[in-house]
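Please put together the full structure from these sequences, using the hints given.
Protein chains in written order, with this note's numbering: chain R, 408 to 529; chain C, -4 to 501; chain W, 21 to 650; chain D, 297 to 377; chain E, 9 to 282.
By construction, these hints were calculated from the structure, which means they are not laboratory data. Note that this is a predicted model, so its numbers are computed, not measured. Where a beta carbon is used, it is the ideal one built from N, C-alpha and C, also for glycine. Where hints are given, some of them may not hold.
[What the hints assert, rightly or not] Mimicking DSSO-like on lysine-lysine, the simulated pairs with C-alpha atoms at most 30 angstroms apart in a straight line are:
no., chain 1, residue 1, chain 2, residue 2
1, C, K23, C, K96
2, E, K70, C, K496
3, C, K147, C, K97
4, R, K472, D, K321
5, E, K43, R, K472
6, C, K51, C, K97
7, C, K149, R, K522
8, W, K90, C, K147
9, W, K90, W, K199
10, C, K487, E, K53
11, W, K603, W, K378
12, W, K622, C, K298
13, W, K622, C, K356
14, C, K146, W, K622
15, D, K321, E, K70
16, C, K298, R, K522
17, E, K231, C, K496
18, C, K96, R, K433
19, E, K231, C, K51
20, R, K522, E, K18
[Stated by the list, open to error] Using C-beta positions, here's what the derived DEER-type ranges look like:
no., chain 1, residue 1, chain 2, residue 2, range
21, W, P293, E, F19, 43 to 49 angstroms
22, E, K18, W, I613, 55 to 61 angstroms
23, C, S407, W, I46, 56 to 62 angstroms
24, E, L22, W, N614, 32 to 38 angstroms
[To be verified] Not close to chain W: a few residues of chain C, all C-beta gaps over 10 angstroms, as computed:
no., residue
25, S35
26, T42
27, R191
28, Y193
29, F220
30, I224
31, F256
32, R302
33, T332
34, K447
35, S457
36, I465
37, D486
38, T488
Chain by chain, the residues:
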Amino acid sequence: MIDNRLIYVMSLLLFLVGLYGVLTRKNILKMLVAVSIMETAANIFLIGLGYISNSSAPILSESLKQVNLLGSNISDPLPHSLVLTAIVIGVGTTALGIAIAVRLYSHYRTLNINKMGDKDEL
Amino acid sequence: MSYNSAILLIAAPLLMAFLSFILGIFNKRIPAILLVLTLSFNFYFSTYLLTLVSSKGVLVSVISGFEPPFGINLVLTYFSLLLLSLIYLIILSASVVFVSKKTDENTVKVATLLFLFTAAASGLLLTGDIFNMFVFFEIFAVANISLISLKKNKTSLKGSFKYLLLSSIGSAFLLFGIGMIYGTLGTLNIAEIGLRFYELSPLTGAFIFIMFLGAILSETETFPFNFWITDSYKGARNFVNILLGSASSVAALYIFFRLFFTIIGYPINNRYEFLISMDARLIIALISAISVIVSEIGALSSKSVKRILAFSSASQMGMILFAFSISDFNSFSAALTLIFNLSLSKAILFLSSHEIMKGAKEKNIESFTGGLGRNPVFSALFIFGSLSMVGFPLTLGFYGKISLVASAVSASGYFSILVFVILLASAAELFYYFRLMHKLFVSEQNHTEKTKMNWFYAASGSLLLAVMIILALMPKFTERIVSSAAGDMMDKTTYIERVLKAEDLK
Amino acid sequence: MILYSFLFALLTALLSLFIRREYNYIRWILYSAVLASLTFLIYTMNGLWGYSESFKLLSVGSVDFSLNFKVTPLSWLFSFFTTGLSLSISLFSIVKNRHEESERSIGFFWLILSVCNIAIFLSADLLTLFIFWEAMTFVSFFVISPGWTKSFKAVNYYFILSILGAFAMLVGIFFLYSKSATFNIESNIAQLFVLYELNSPQAIFITLMFVLGFFTKSALMPFHIWPAEAHSEAPDDFSSYLSGIMIKYGLYGSILFLVPLFVFISKFSQTQPMSNHIPLFSHILAWVGAITSVVATFLAVKSNDMKRLAAWSTVGNIGYAATSIFILSSMGVAGGIFHIINHAIFKTAIFLSLAAVKYRTHEREMHRLGGLAYKMPVTFLTFLLGIIAAAGIPPLNGYASKWMIYQSLLSGRFPFLATMIFLSSTGAFMYLFRALHSVFLGQLPSKFDDVKEVPFLMQIPMYILMLLMVIIGIFPGTVLLPVNSILKSMNMEEIKVTYTTMYSMLSSVDAPIVFLVFAGSFAFAFILYLIGKPRRHVELLDNYTAGQDPKEFGLTREMYHFALKFYEPFEHMFDKYPRTNTKEFYDSFERKINETGSFIKKFYSSSPRSAVYIFTLSIVLIIIYGWLVW
Amino acid sequence: MLLLIMFIFLFILIFLSALFAVLAKDLLFCVISLGVMSLATSIVFFILNAPDVAITEASVGAALTTAIYVFGVRRTEREEK
Amino acid sequence: MRETSFNTGKFFALIIVAVLGIFMISPFFDTGSGKKISPRLENLKDRVSLHYGLKNVNDASKNIEECQGDYYTCREGVKCNNVIYKETADAETGPANLVTSIVLDYRAFDTLGEITVLFISILGVALLMTGFPALPVKNESMIQSAGAKFLVPIIMLVGIYIFLHGHLTPGGGFPGGAVIATGFLLMFMTSGDYNFRSRRFKTVETAAGTIIVALAIAGLIFKDSFFANFLPNGRLGDLFSSFLIVIIYSLIGIKVGSELSVGLRNLYTGEKDD
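As structure tokens, this is what we get:
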């Protein structure tokens, strides 16, 4: 009974929260957190694209012997596979970002991004 | 026969990446040698496929045995294979530079990174599926980030962090765009999307357009989106600069082309309307012109050589995007010539400037002083590269610039005004390149002894130079390449027909 | 044939790079030989009008790049004279550059430059012209500033202005190309005429672009600042090439493209505004030339550096020639071309003699020199004849061409232009005579006591140039008869001229008679000088301070050298009037750009957050733009 | 209907925890609320008929990412200065 | 940055976010002409994934080939032979879990890319953390280490189950690998004496990667298509079915597990070649 538009709006709101975070936070780790939120939002959007209300998960089992010809009794499995990929990619990017952040911290002894503008290297 | 073995262009470096990680335990030289061998194989194979494609037209290579639009497929077009050969050539020269370095604890890992970079570039240029393109886009971005941050100093870390942030936001945008396409058209195949994009409502089209714009413009180093370039170029190691400045730029331009011209499209006949037609092109043209101006001014007042080259790279990319935005046969030819020029001469410039500045304390313009006396070979390479970059007559850059002007002037009023502005801005480019070259000629009183020549550098530099000279001085050859590639870029119908196995779409 | 000779020359240049420093003179002898053969080749082409060669290059998109050469009377005359002059300069350079420490790349670039020079004159279409134009601009950068920090600043003005001009020309060429689909000069002129008849603003824009390209190269107003900087800082022997030959390309382009166009308009146009029987545009350009000559004259008067002075004099002469060309009468065009060639000869002579002075004394400031006439008689004589020709005093060649310019201005009823040209010609006399006096006459500073005349090989070009000046002065027809064939090929009325006599609407001049009169009076004066009172050599201090030590008055030797601030009272006359400083304008422009650049640079190396901020902001701006448009 | 109510509840939870993750001063709280958000998201995925994604999000997004972030915080500093 | 400009930054950020939000929301409430995103999805009729669900992609593509020139109506007129759970044998792809069939068969190439992304980012982490000091080890408590020793085998077992059963039930290589990595994380965080050899893990990981690519290339050799399924598929829904997919998912699970363990270890102690 869930309207697909509700999911879209929710994912968009989450996306905007993440974007606001990236724009205004000055702590590197928080920027990464905000980027993670944005990625999660995109994932929710993709899942929402495939959701058919009153259908079941796309796994054939005893309760779901076969998919009907219009495909109205399962949710779209393709976005699920896309999201699987996207989640793993997100983890990879996050790990790399954390590593860079840790390295940056060891150079500057701070996570505040505004204190990383360099005057010496112009 | 089928052309499914084209996947080896991606699979071979991928396999070698995993394999070299194991073999690297025994000897650290093995991965480096494998790298050069694999790249040579890839270059050879891509040129072989290129000849195949030039005689048979667009070829489709199927993965997992499922035909498009259901399965993922590779599309071998003349344009993509041409750029791919170019990219292989550049990665080859960069890896020759890399191989010449002493081995340390990171050698195996960096070699693996270069393998994966190669695989990602191949995947980006060959794939015919938009989500697959996204995946390779991510591999590519992550590879770039890791490569930039190799030096682990302040500048490189900051540059790679900027790149990471921008590309993550960009990839979130791209994911939204792809989702929108799938939600409306129900397919991920680029050819089918291109076929049916006109069905979309204007708002949806605009949404996808903006999302793609946000995703790709930071990769193509276009001005308001490219704040990563200076720190990244300045902080990165030498062979990474070559990769970033030449290979990555070419790949980014290719993605730009696929996203905006194959998917969103341009008119071929009445069937394929360019949905957000002229306005969208004007936006791109405007952004690229601004990008050219800003980066030229930025380069003009820079002192660090790598920063100058970074800005110059951005301005050249702006010019190529401008040529794309005119989007007719002539401008595509001009864009291709400019791409050749940009990638080859930028690689030469990075390579030779590094060698010239060797031993200097500060890597700025002053360290070029007396380069011709100290290091004649690389100074000569630098001079050749920058002459081609600024468009000395009868070099590649000259042909590109002139034909860009010709196509812009004959296109419409708007473009001809913008091209005038771009030309004026590129006078600045002449200024700073000639400033650098002038420094090379300065003869110092206290003659420093000649620097020891690095033969690997010289070999890879002269390889690139040879290609450049061949392209500039063999008219028949270059003409054939450029005109078939430009014709391929114009011909969206064949692309769709071949991929979807449908004949006569009209 | 033409292209192969070019390739041969370029190959020689390339090979010569591998000659060791110890054998520098071999390099220069090689160049002279190549130049001699090129001169001979061009000489053999005399009369082969219409001989053409074409070489296909790449074709990108719809543009077919090809090199087309064609021999016409105009191109032959210019290429023959310029190549011959460069040959004589190269003879001078053999000795000057024989030392080990001299730059070895200059010769390499110079030979390429000579090739470009011939190619510009022989090019048959606009694209070929542009290709070699640009190549010439790029290459000349390295010759003017072969790695000298000081000359780099000087060459900047030249380089930036030339490049902007070249790009403007490029835009003009391609605007025309998009209409006519060819690079052929005649059909493009016809196309531009059609555009004028349609009265579209595009026609004026295209013409303006060409004018920008030509005028920046020839240093007409407001681009007149670069010669003073570039000529004075260039290598001494190259200055003569730069001033004698390279500055003429703009005028050549005007004669090639603009003059036929304006003639076309003045003959056939129904719609264009006319003034004094010539198109208004052309009239304005003629005024630009005249103003340039006046301004350059005043600036030359002010300068204290001898090379700078000669550079300003060049600008002034270019101004005369431009004025004369753009009044479009046969007499005017012929006079303009004649003056261009004469100027090439006498300005080369002047610069070579200055180079000879500097070769021996290493001094450029005029107030540190003096009295060199006895030490370097041949140089002195060359300079003397050069400034006589430059000032337009009979019987040398400058007189003949200036006479033609005045005649054409008067017969075309341009009284104001004629006045201005007269004014600047008088001014030319002022500053050139000052240079002669300060450098060669007066007292010889004691540090130059052991200065000798330059070696004989360096004297040869001076003899050649003196001979040329005298011969053309006596027989102006040697140049004017070929000029007549140029006029014929441009479909213009021929002027009336024989080997010895020039005729205008108002009067005629028989040059040999003029020469005899002047030679006679000179001989008379010389005899008077010989039979007069014997002279006695007086020391500098005896003459000026009556034997007292100047240090007692707190003076130095320089301060009572008369050449320092020679025209100060004259300059004071103009103190009341506001001055505009063109150089200051250009400099402030450069500063603005640098400030903007630093701002951009700072932004690029600021924190990652601003990168994201601007990224998002620009996307939002694009969205808002989209909302506004759709 | 129950699903809808649950969905809206989770939606609010996700939104609030995201907001908290962005706005909180203490980095560890940020990271933990990000984990909470991921967990809630995985339940949402389950509700939306995507059990595969739900499992992946729970194990990768909620557990691993949080661990990585915690390492990051431990290697740097906890309080935002 | 001063306090005042900071607030302006926040304010403008809000405006930017609002504009972007309005723009991004507008297509969902679009009433104009043309195809737009549907407010409620009813069925999968006009999506490629319908045929993934029905497992009749080969028929569908043949159908498209037959009705050339009429591409639009073609998709809908596929002759429909959908598969039935526990009955159909040798369907074109084996797994009963449709997502798995997409991930490892229809779009297996994406998954290869996904592995590569993870591999390359962990490689990047290793490169960045080279020569970085280890985190200070906290005093370990008896309960923690004992509990971990008790828990870890169970966690490992769950992980292995998740990826081995991925073709029938939710789960697969990635969550399985992640769970395994969590187990190792628990091991080296709680007990200091656990001897974690990164080199072994790396060898296992890259060997698994090599085998995956080799299997894919074997498909190219046997079935003329990269990643083609050259092993028998068995009956839909059986535990012993779709063998290639089980093998590849297990390899992915091993690979991801060892990879993530190495990555976490690198972040924890810095990269060392031991």
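Against the structure, the hints:
| no. | hint | result |
| --- | --- | --- |
| 1 | C:K23 to C:K96 | holds (12 angstroms) |
| 2 | E:K70 to C:K496 | holds (10 angstroms) |
| 3 | C:K147 to C:K97 | holds (18 angstroms) |
| 4 | R:K472 to D:K321 | violated (51 angstroms) |
| 5 | E:K43 to R:K472 | violated (33 angstroms) |
| 6 | C:K51 to C:K97 | violated (45 angstroms) |
| 7 | C:K149 to R:K522 | holds (12 angstroms) |
| 8 | W:K90 to C:K147 | violated (61 angstroms) |
| 9 | W:K90 to W:K199 | holds (24 angstroms) |
| 10 | C:K487 to E:K53 | holds (27 angstroms) |
| 11 | W:K603 to W:K378 | holds (27 angstroms) |
| 12 | W:K622 to C:K298 | holds (12 angstroms) |
| 13 | W:K622 to C:K356 | holds (22 angstroms) |
| 14 | C:K146 to W:K622 | holds (22 angstroms) |
| 15 | D:K321 to E:K70 | violated (59 angstroms) |
| 16 | C:K298 to R:K522 | holds (23 angstroms) |
| 17 | E:K231 to C:K496 | holds (21 angstroms) |
| 18 | C:K96 to R:K433 | violated (38 angstroms) |
| 19 | E:K231 to C:K51 | holds (24 angstroms) |
| 20 | R:K522 to E:K18 | holds (18 angstroms) |
| 21 | W:P293 to E:F19: 43 to 49 angstroms | violated (57 angstroms) |
| 22 | E:K18 to W:I613: 55 to 61 angstroms | violated (34 angstroms) |
| 23 | C:S407 to W:I46: 56 to 62 angstroms | holds (57 angstroms) |
| 24 | E:L22 to W:N614: 32 to 38 angstroms | holds (36 angstroms) |
| 25 | S35 | holds (28 angstroms) |
| 26 | T42 | holds (21 angstroms) |
| 27 | R191 | holds (22 angstroms) |
| 28 | Y193 | holds (16 angstroms) |
| 29 | F220 | violated (5 angstroms) |
| 30 | I224 | violated (7 angstroms) |
| 31 | F256 | holds (17 angstroms) |
| 32 | R302 | violated (8 angstroms) |
| 33 | T332 | violated (5 angstroms) |
| 34 | K447 | holds (21 angstroms) |
| 35 | S457 | holds (16 angstroms) |
| 36 | I465 | holds (12 angstroms) |
| 37 | D486 | holds (15 angstroms) |
| 38 | T488 | holds (20 angstroms) |
Hint violations for this structure: numbers 4, 5, 6, 8, 15, 18, 21, 22, 29, 30, 32 and 33, all remaining hints satisfied.
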